[in-house]
Amino acid sequence: MNYLDLTIKEMHEALVKKEITPLELAKEAIKRAKADTNNAFETILEDKAIEIASELTEPEENNLFWGIPFGIKDNFSTKNILTTGSSEILKDYIPVFNATVVEKLLNAHAVPIAKTCLDELAMGGTGTTGHKGITYNPYDPKHERLVGGSSCGSAAMVSAGIAPFALGSDTGDSVRKPASFAGLVGFKPTWGRISRFGLFPFAPSLDHVAYFTRSVEDAAFALSLLAGRDLHDATSSNKKVDDYISNINDTIKGKRIAILKEVIDSIRDEKVLTIFNNTVEKLKENGAIVENVSFDLKLLEACYPTYMVISCAEATSNNANLDGIKFGPRYGGDTYQEVMCNARTKGFCELIRRRFIIGSFSLMRENQEDLFLRAQKARRLIVNRTNEILNNYDFIYIPAAPNIAPKFTDSSDKLSTNYLIADNILVLGNFAGLPSITLPIGLIENMPIGGNLMGRKFEEKELFKIAKNIEDGTGLYNLSSRKLVK
Amino acid sequence: MKAITKEVLKDAASRLMFDMSDEQYDTLEKEFEIIIKQMKLIGEIPDVDNVEPMTFPFDVTTDFLREDEVTEPLTKSDALKNAKDVLDGQIKLPKVVG
Chain A
1 MNYLDLTIKE MHEALVKKEI TPLELAKEAI KRAKADTNNA FETILEDKAI EIASELTEPE
61 ENNLFWGIPF GIKDNFSTKN ILTTGSSEIL KDYIPVFNAT VVEKLLNAHA VPIAKTCLDE
121 LAMGGTGTTG HKGITYNPYD PKHERLVGGS SCGSAAMVSA GIAPFALGSD TGDSVRKPAS
181 FAGLVGFKPT WGRISRFGLF PFAPSLDHVA YFTRSVEDAA FALSLLAGRD LHDATSSNKK
241 VDDYISNIND TIKGKRIAIL KEVIDSIRDE KVLTIFNNTV EKLKENGAIV ENVSFDLKLL
301 EACYPTYMVI SCAEATSNNA NLDGIKFGPR YGGDTYQEVM CNARTKGFCE LIRRRFIIGS
361 FSLMRENQED LFLRAQKARR LIVNRTNEIL NNYDFIYIPA APNIAPKFTD SSDKLSTNYL
421 IADNILVLGN FAGLPSITLP IGLIENMPIG GNLMGRKFEE KELFKIAKNI EDGTGLYNLS
481 SRKLVK
Chain B
1001 MKAITKEVLK DAASRLMFDM SDEQYDTLEK EFEIIIKQMK LIGEIPDVDN VEPMTFPFDV
1061 TTDFLREDEV TEPLTKSDAL KNAKDVLDGQ IKLPKVVG
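As given, the protein sequences belong to chains A and B, one line each in that order.
Each residue of the first sequence is one higher than the last, beginning at 1 in my numbering.
Each residue of the second sequence is one higher than the last, beginning at 1001 in my numbering.
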């Protein structure tokens, strides 16, 4: 196994022992990035990575991220580095500042390898709508299956062994769903736990900074680095940052876990259920109390339309600044309105424009009561029920997706009435702002499937503990690298 | 609520400063049918109209105000760096008044 295939923790140990240098890791990562066949990247940062890694000569024993290669979803602002949001309207946009999370990683001397592709402006779930085209799933060399989105490039990058860590963003499930399809740990914290300064806003009441790792422990290390109040982000929390590591191997005896009955009932794939049930049995063996809980079918069916209306409405107003004037390409026009109209018509893909209209229509005064405000009220009922369950249970545990990564031919970004509750359930974590983690729990026909846990707000520490217990039980730690070796 | 017609959707698009093809409006019309139907179902959920709309996942109170110190957060050259047409330190647009 190459050192680049290790987890952050293992890589750190090798760096400290000087078995490998940051420059060697960066060079290997760049080599692999250049050989990428999954369309994971907007920009490979070869010069920058080599420049940073070359200066790292004395290992920092207490800094896990020293010399660690990482990826950045291309909706995080990076100073003097192209940041496109995978959208034509930002195809040559160069920010003048760094997102707080990027700044924190650079200050920790982590080494940026690439900016990664996404569904345009993070508004999609398939990894097919970015301006550079489809991103593929590294588990499927035939390129028939999607990796999921919107953080498709970051998922593909970590899954293909190019880095042990990549930043993503999660507004509905944009990290936690692709994590399931790509055999990775995907984590988002409590809303407000990590600063969002410099992340292109999509729907700020739902947006979270999130990320991919190869192990639960790495996800806990990353939160230790990235969490905390940021004066640039008024929604970031003042709450003290916990020690997420020390007790990660503690017993889970007596922990109460709720499994959502309606979600399980909506899953047709027996193999997914068998794999999921195996992990449940292990949790019980380890002393957890696991019970089936009914959520409320009507509320669960309401999740998807509620998400669509709220997220589209917020997105419409947030992206009004993309006018082709302050930045973005100019396509001419006789009036300033024509300049804007040309830029926005050519600059946004069809899906984005449809979603903006849905959002704008929902916000019109005569429609607000029936659409936007009703969705916000439904959100409150959904969140109330979620929190009610979490008053009685420590965690909610469900399959992260109803199936392995679907084939492109079976997936669509168009709205339809034919969807499964289990396909849109992770949004509970965004509605309620709860910490949530996906981790691999098994393989079906060599394609991974994940389980997802949600915990109470700001109780990430407990969430990592239970997730680590499941990971120890499945033995699927660093799954994606083992796939590469095989 | 406004009835959905192609004209209504075209008007919404023009307010959003973009256009779409006829085929794309057709797709959108179908999507609206679905959304409106689903939102009607949501309207039938008991109590849905008896709760306050939720704008954030939970209440966050920020009582912190930074010191009112003069700084230069963005230089003029940085502010203009990404604009395509700049003249005399300003972004150039087609003439508004002849």
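If you're looking for bench data, these hints aren't it; they were derived computationally from the structure.
Any given hint could turn out to be false.
[Stated by the list, open to error] Here are the simulated DSS-like cross-link-like pairs (lysine-lysine), alpha carbons at most 30 Å apart as the crow flies:
#  : chain 1 : residue 1 : chain 2 : residue 2
1  : B       : Lys1040   : A       : Lys346
2  : B       : Lys1037   : A       : Lys326
3  : B       : Lys1037   : A       : Lys91
4  : A       : Lys132    : B       : Lys1084
5  : A       : Lys48     : B       : Lys1084
6  : A       : Lys79     : B       : Lys1030
7  : B       : Lys1037   : A       : Lys407
8  : A       : Lys326    : B       : Lys1081
9  : B       : Lys1081   : A       : Lys483
10 : B       : Lys1010   : B       : Lys1037
11 : A       : Lys346    : B       : Lys1076
12 : B       : Lys1002   : A       : Lys346
13 : B       : Lys1002   : A       : Lys17
14 : B       : Lys1081   : A       : Lys298
15 : A       : Lys48     : B       : Lys1010
16 : A       : Lys326    : B       : Lys1010
17 : A       : Lys239    : B       : Lys1095
18 : A       : Lys326    : B       : Lys1030
19 : B       : Lys1076   : A       : Lys91
20 : B       : Lys1084   : A       : Lys298
21 : A       : Lys346    : B       : Lys1095
22 : B       : Lys1095   : A       : Lys91
23 : B       : Lys1002   : A       : Lys132
24 : B       : Lys1002   : A       : Lys326
25 : B       : Lys1030   : A       : Lys407
[Claimed, not checked] Per label pair, the in silico range of CB-to-CB distance:
#  : chain 1 : residue 1 : chain 2 : residue 2 : range
26 : B       : Leu1093   : A       : Lys34     : 39 to 45 Å
27 : A       : Gly333    : B       : Thr1055   : 16 to 22 Å
28 : B       : Thr1055   : A       : Asn238    : 27 to 33 Å
29 : A       : Lys142    : B       : Asp1011   : 42 to 48 Å
30 : A       : Lys261    : B       : Glu1069   : 54 to 60 Å
31 : A       : Val16     : B       : Leu1065   : 53 to 59 Å
32 : A       : Glu24     : B       : Thr1055   : 36 to 42 Å
[To be verified] Looking from chain A toward chain B, a few residues come up when the C-beta cut is under 8 Å (computed):
#  : residue
33 : Ser224
34 : Gly228
35 : Glu350
All figures in this text were calculated on a predicted structure; none of them were measured in a lab.
From the three backbone atoms N, C-alpha and C, an ideal C-beta is built for every residue, glycine too.
Checked hints:
Proposed proximity of Lys1040 of chain B and Lys346 of chain A is contradicted: the alpha carbons are some 34 Å apart, above 30 Å. At most 30 Å may separate the alpha-carbon atoms for a hinted pair to count; Lys1037 of chain B and Lys326 of chain A exceed this at roughly 39 Å. The straight-line distance between the Cα atoms of Lys1037 of chain B and Lys91 of chain A is roughly 37 Å, outside the 30 Å bound, and the hint therefore fails. Distance restraint check for Lys132 of chain A and Lys1084 of chain B: the Cα-Cα separation of roughly 22 Å lies within the 30 Å cut-off, and the hinted pair is therefore satisfied.
Of the supplied pair hints, the one linking Lys48 of chain A and Lys1084 of chain B holds, its CA atoms being roughly 26 Å apart against a limit of 30 Å. Only pairs whose Cα atoms come within 30 Å are accepted, and Lys79 of chain A paired with Lys1030 of chain B is rejected, the gap being roughly 42 Å. Distance restraint check for Lys1037 of chain B and Lys407 of chain A: the Cα-Cα separation of roughly 28 Å lies within the 30 Å cut-off, and the hinted pair is therefore satisfied. A C-alpha spacing of about 9 Å is found between Lys326 of chain A and Lys1081 of chain B, which places the hinted pair at or below 30 Å, so the restraint holds.
Simply put, Lys1081 of chain B and Lys483 of chain A have alpha-carbon atoms about 45 Å apart, too far for the 30 Å limit, and the pair is violated. Between Lys1010 of chain B and Lys1037 of chain B, the direct Cα distance comes to roughly 21 Å. Compliance with the 30 Å bound is thereby established for this hinted pair. For the given pair, Lys346 of chain A sits about 28 Å from Lys1076 of chain B by alpha-carbon distance, which is consistent with the 30 Å threshold. For the given pair, Lys1002 of chain B sits about 28 Å from Lys346 of chain A by alpha-carbon distance, which is consistent with the 30 Å threshold.
With a C-alpha separation of about 68 Å, the suggested pair Lys1002 of chain B and Lys17 of chain A falls outside the 30 Å cut-off, and the hint is violated. Simply put, Lys1081 of chain B and Lys298 of chain A have alpha-carbon atoms about 50 Å apart, too far for the 30 Å limit, and the pair is violated. Taking the CA atoms of Lys48 of chain A and Lys1010 of chain B, the gap is about 45 Å. The hint is violated against a cut of 30 Å. A distance of roughly 26 Å separates the Cα atoms of Lys326 of chain A and Lys1010 of chain B; the hinted pair therefore holds under the 30 Å criterion.
Proximity of Lys239 of chain A to Lys1095 of chain B is assessed by CA-CA distance (about 51 Å); at most 30 Å being required, the pair is judged violated. The straight-line distance between the Cα atoms of Lys326 of chain A and Lys1030 of chain B is roughly 35 Å, outside the 30 Å bound, and the hint therefore fails. Proximity of Lys1076 of chain B to Lys91 of chain A is assessed by CA-CA distance (about 22 Å); at most 30 Å being required, the pair is judged to hold. Under the criterion of a C-alpha separation no larger than 30 Å, the hint pairing Lys1084 of chain B with Lys298 of chain A is inconsistent with the structure, at around 50 Å.
Taken as a hint, the Lys346 of chain A and Lys1095 of chain B pair is honoured in the structure, with Cα atoms around 22 Å apart against an allowance of 30 Å. Taking the CA atoms of Lys1095 of chain B and Lys91 of chain A, the gap is about 26 Å. The hint holds against a cut of 30 Å. At roughly 37 Å between alpha-carbon atoms, Lys1002 of chain B and Lys132 of chain A are farther apart than 30 Å, so this suggested pair is violated. A C-alpha spacing of about 34 Å is found between Lys1002 of chain B and Lys326 of chain A, which places the hinted pair above 30 Å, so the restraint is violated.
Proximity of Lys1030 of chain B to Lys407 of chain A is assessed by CA-CA distance (about 24 Å); at most 30 Å being required, the pair is judged to hold. The hint said 39 to 45 Å for the Cβ distance between Leu1093 of chain B and Lys34 of chain A, and at roughly 41 Å that hint holds. A C-beta distance of roughly 36 Å is found between Gly333 of chain A and Thr1055 of chain B, which places it outside the suggested range of 16 to 22 Å. Restraint check, Thr1055 of chain B to Asn238 of chain A: a C-beta distance of roughly 20 Å breaks the suggested window 27 to 33 Å.
Restraint check, Lys142 of chain A to Asp1011 of chain B: a C-beta distance of roughly 45 Å satisfies the suggested window 42 to 48 Å. Look at Lys261 of chain A against Glu1069 of chain B: about 56 Å separates their beta carbons, and that is inside 54 to 60 Å. Between Val16 of chain A and Leu1065 of chain B the beta carbons are some 43 Å apart, a value that contradicts the proposed interval 53 to 59 Å. A C-beta distance of roughly 49 Å is found between Glu24 of chain A and Thr1055 of chain B, which places it outside the suggested range of 36 to 42 Å.
Interface restraint check: Ser224 of chain A against chain B, minimum CB-CB distance 22 Å, threshold 8 Å, status violated. The closest approach between the C-beta of Gly228 of chain A and any C-beta of chain B is roughly 14 Å, which is over the 8 Å cut-off, so the hint fails. At its closest, the beta carbon of Glu350 of chain A sits 5 Å from a beta carbon of chain B; the interface hint therefore holds under the 8 Å criterion.
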